[in-house]
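Asks: Residues per chain, in single letters:
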Amino acid sequence: MIPRKLAIALGVACLLALIGLGLFAPAHLSEFNSDRVYLGALDAPPFGTDQRGRPLLEYAQQGASVILFPSLFAGLVVGGMGVVGGLLRCVGSARVDTAVQAFGEIVGSLPRMVVILVVALLIPAGSRGLLPLAFAWAVLASPGAMDEAASVAERLGGARFVEALRAHGFSWSRVFLYHIVLLNLRPVVVRQAAETAMQVTFLEIALSYLAAQENQSSFTHADNVKSWADLLEIGYPSLVLDVPTGHALALGLGLVAVVTVMSLMLASAARAR
Amino acid sequence: MKAWWLRPMVRLVAALILPFAVPAIITMMIWALPGDPAEIICPPEICQGTEVLAARWNLDGGPWKFFSAWITGAMQGDFGKSWRLDQGGSVYDLLAESVPTTTVLILAGLLPLLLGAIGAATGLIPRRVDPVASAVGLVPAVVFALLCAAVVELNYGAQSFDTEGSLVRLALGALVLGFADGAFAGATTGVRALFSTERKQRYVGVALLRGERPLANMLPNVAPALAGQLRARVLHLLSGTVVVEVVLRINGIGDLLWSGTLLQDFGVVLAAATSFAALSAALLFIQAVTEIVVALVVRRAPAIPTAVPVAQRAAS
Chain A
1 MIPRKLAIAL GVACLLALIG LGLFAPAHLS EFNSDRVYLG ALDAPPFGTD QRGRPLLEYA
61 QQGASVILFP SLFAGLVVGG MGVVGGLLRC VGSARVDTAV QAFGEIVGSL PRMVVILVVA
121 LLIPAGSRGL LPLAFAWAVL ASPGAMDEAA SVAERLGGAR FVEALRAHGF SWSRVFLYHI
181 VLLNLRPVVV RQAAETAMQV TFLEIALSYL AAQENQSSFT HADNVKSWAD LLEIGYPSLV
241 LDVPTGHALA LGLGLVAVVT VMSLMLASAA RAR
Chain B
1 MKAWWLRPMV RLVAALILPF AVPAIITMMI WALPGDPAEI ICPPEICQGT EVLAARWNLD
61 GGPWKFFSAW ITGAMQGDFG KSWRLDQGGS VYDLLAESVP TTTVLILAGL LPLLLGAIGA
121 ATGLIPRRVD PVASAVGLVP AVVFALLCAA VVELNYGAQS FDTEGSLVRL ALGALVLGFA
181 DGAFAGATTG VRALFSTERK QRYVGVALLR GERPLANMLP NVAPALAGQL RARVLHLLSG
241 TVVVEVVLRI NGIGDLLWSG TLLQDFGVVL AAATSFAALS AALLFIQAVT EIVVALVVRR
301 APAIPTAVPV AQRAAS
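Chains A and B, in that order, are what the protein sequence lines are.
Using our numbering, the first residue of the first sequence is number 1, and each one after it goes up by one.
Using our numbering, the first residue of the second sequence is number 1, and each one after it goes up by one.
Take the hints with a grain of salt, since some may be wrong.
Chain B stretches covered by chain A per the calculated footprint, using a threshold of three residues with CB under 8 Å from any CB of chain A [stated by the list, open to error]: (1) 23-35; (2) 117-131; (3) 159-167; (4) 254-265.
From the derived model, a few chain B residues whose C-beta atoms are all more than 12 Å from chain A [unchecked claim]: (5) Glu39; (6) Glu45; (7) Trp57; (8) Gly73; (9) Gln76; (10) Val99; (11) Ala216; (12) Ile292.
Derived by calculation from the structure, the hints in this document are not laboratory data.
For glycine and all other residues, C-beta sits at the position ideal for the given N, C-alpha and C.
Generate coordinates for the entire structure from the input sequences, incorporating the hints supplied.
Replies: Below, the structure is given as structure tokens:
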């Protein structure tokens with residue numbers, strides 16, 4: 001088990017690194033430079049260059065700008081829905097429980113990628129972006145978060161727990177926001193939110209890579225912006241051919257690892273005491 | 001107290017609605033897009049006879065006419081025609097070509113999950129394996145699939161689309177589906193948590209004192225939860241097929257859906273998404289039936305009439 005302070009430090013560091021990369025992303029990649037083609041990280045710090053001599057740092061920055069806001073937004077949506085699910089269980093109404101279950105059954109019963117592709121069809125080619133897809137993913141992930149948060153609230157005692165705390169004279173806001181959400185739902189809600197942010201990042205990489213493989217425009221960003229999937233696409237030939245693009249693959253995988261570590265550490269930092 | 005039948009009933013209703021709701025929503029989307037749907041198939045700038053085409057493809061009478069004609073045809077095995085991918089070709093033929101491949105892929109991908117679940121339930125897979133499985137599960141499907149694609153290309157090169165190469169791609173695809181995105185880890189830890197919670201029940205202790213096997217006692221009681229987990233795992237696999245099939249170039253329904261989406265081929269997307277919805281509905285139905293059977297058959301034992309006289313005799 002990682003100490004909480006270390007988990008917080010690592011999680012926040014990864015998050016700040018992503019924010020830093022995303023905020024300082026250039027609008028366009030640098031000009032072609034045939035003298036600096038396929039340079040490694042040591043020859044063209046910090047990450048090397050691509051097949052046209054452009055720094056891979058710009059790919060990392062633009063990719064971060066593509067995923068940053070939508071993934072955080074999706075995480076917030078799922079976290080919020082988790083809180084709602086937990087609080088609704090504390091209401092203790094069978095009708096509300098049934099309505100929440102029906103919502104979960106309908107929304108959660110389809111393969112997520114299928115729904116995402118159907119949503120992607122709706123987005124006009126001129127206004128493509130990750131945000132609507134991230135929102136759709138968050139809605140699809142919500143039933144799981146609501147269900148888990150509701151289970152936590154039920155183990156807590158549900159409506160009886162609220163009643164008991166009210167009998168002690170606590171205000172509604174203290175009962176719901178502090179005792180239920182902050183003390184008890186926090187581990188579940190933060191973990192679900194962090195996982196969803198990570199999943200949205202992976203979704204973006206997957207969709208962009210699949211589109212790039214077919215020489216098509218990505219559903220998640222404009223054509224003049226590069227995604228982290230482009231790093232994987234540039235780097236992949238190094239696995240099967242004698243092309244010196246291993247540094248691009250390493251950078252792409254490294255960025256995936258940063259997002260994964262961020263998600264794991266934030267979830268670990270929010271675990272129950 | 002909440003009625004036991006409420007949850008399975010909600011699932012049954014959802015299972016009935018899904019195969020109709022999905023094509024209905026996609027149909028609404030087709031009409032929600034700017035422009036005439038027939039112009040997607042036959043843009044007036046490059047194609048003449050858009051009205052005739054619209055009439056022939058039921059696109060001239062609004063969304064209801066199109067939906068009712070499509071769903072009627074689909075129930076008879078006619079999924080309409082492809083709009084762009086194989087323009088004018090039968091979508092049924094495309095589905096017939098891709099569904100068996102995806103079925104094999106899903107079943108093969110399910111194998112490690114089932115083995116993991118059985119291993120976790122019986123204790124054959126120890127708890128200390130969980131962190132390793134979780135670490136492997138952190139790898140996203142696209143990265144795992146890329147590595148597998150590289151393995152195929154390195155070993156088979158141009159022959160990777162021959163019978164042997166195709167089989168290897170299918171096997172590696174199943175491996176990716178089974179282990180990436182936390183599939184195997186989820187199956188083992190989920191089943192382990194379920195059984196360890198159930199093992200704390202008093203009846204399991206009583207069964208142990210009687211010299212009975214706890215697993216046989218627990219299995220009927222955890223069957224609904226297991227059915228729920230199985231459904232979630234299969235949905236997870238179905239979702240992953242899109243990435244795996246495209247990256248590993250497997251001609252399955254996920255690849256078909258992706259190609260249809262890229263080319264805005266609503267004919268293909270409609271049929272592929274409805275197929276996924278029908279499968280999801282079948283899974284929901286199985287879970288609901290399991291819950292009903294367990295509630296009616298298992299939870300009624302031991303029979304109350306034999307227990308009451310004993311209690312009455314003891315009181316008297």
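Asks: Taking a Cβ-Cβ distance under 8 Å as contact, does the segment 117-131 of chain B have three or more residues in contact with chain A?
Replies: Not satisfied, violated; 0 residues make the cut.
Asks: Hey, is Glu45 (chain B) genuinely clear of chain A, shortest beta carbon separation above 12 Å?
Replies: holds, 16 Å
Asks: Beyond 12 Å from chain A, beta-carbon-wise, is Ala216 (chain B)?
Replies: Holds, because the least Cβ-Cβ distance between Ala216 (chain B) and chain A comes to about 27 Å, which exceeds 12 Å.
Asks: Would you say Ile292 (chain B) is clear of chain A, with no C-beta pair closer than or equal to 12 Å?
Replies: holds, 15 Å
Asks: Does Val99 (chain B) clear chain A by more than 12 Å, comparing its Cβ with all Cβ atoms of that chain?
Replies: The claim holds: Val99 (chain B) sits with its nearest Cβ about 14 Å from chain A, beyond 12 Å.
Asks: Mind verifying the non-interface call on Trp57 (chain B)? Its CB should be farther than 12 Å from each CB in chain A.
Replies: Trp57 (chain B) clear of chain A: closest Cβ-Cβ about 18 Å, beyond 12 Å.
Asks: How about the segment 23-35 of chain B: do at least three of its residues have a C-beta closer than 8 Å to a C-beta of chain A?
Replies: Our answer is that it holds, as 6 residues pass the Cβ test (under 8 Å) against chain A, meeting three.
Asks: Taking the minimum C-beta separation from Glu39 (chain B) to chain A, is that value above 12 Å?
Replies: holds, 14 Å
Asks: Find the nearest Cβ of chain A to the Cβ of Gly73 (chain B) and say whether that gap is larger than 12 Å.
Replies: holds, 20 Å
Asks: Confirm or reject the coverage of the segment 254-265 of chain B by chain A under the rule of 3 or more residues with a beta carbon closer than 8 Å to the chain's beta carbons.
Replies: holds (count 7)
Asks: The segment 159-167 of chain B covered by chain A? Criterion: 3 or more residues, Cβ-Cβ distance below 8 Å.
Replies: violated (count 0)
Asks: Are all C-beta atoms of chain A more than 12 Å from that of Gln76 (chain B)?
Replies: Correct as stated: the minimum Cβ-Cβ distance to chain A is 23 Å, above 12 Å.
In terms of the numbered hints stated before, the structure departs from hints 2 and 3, listed from lowest to highest.
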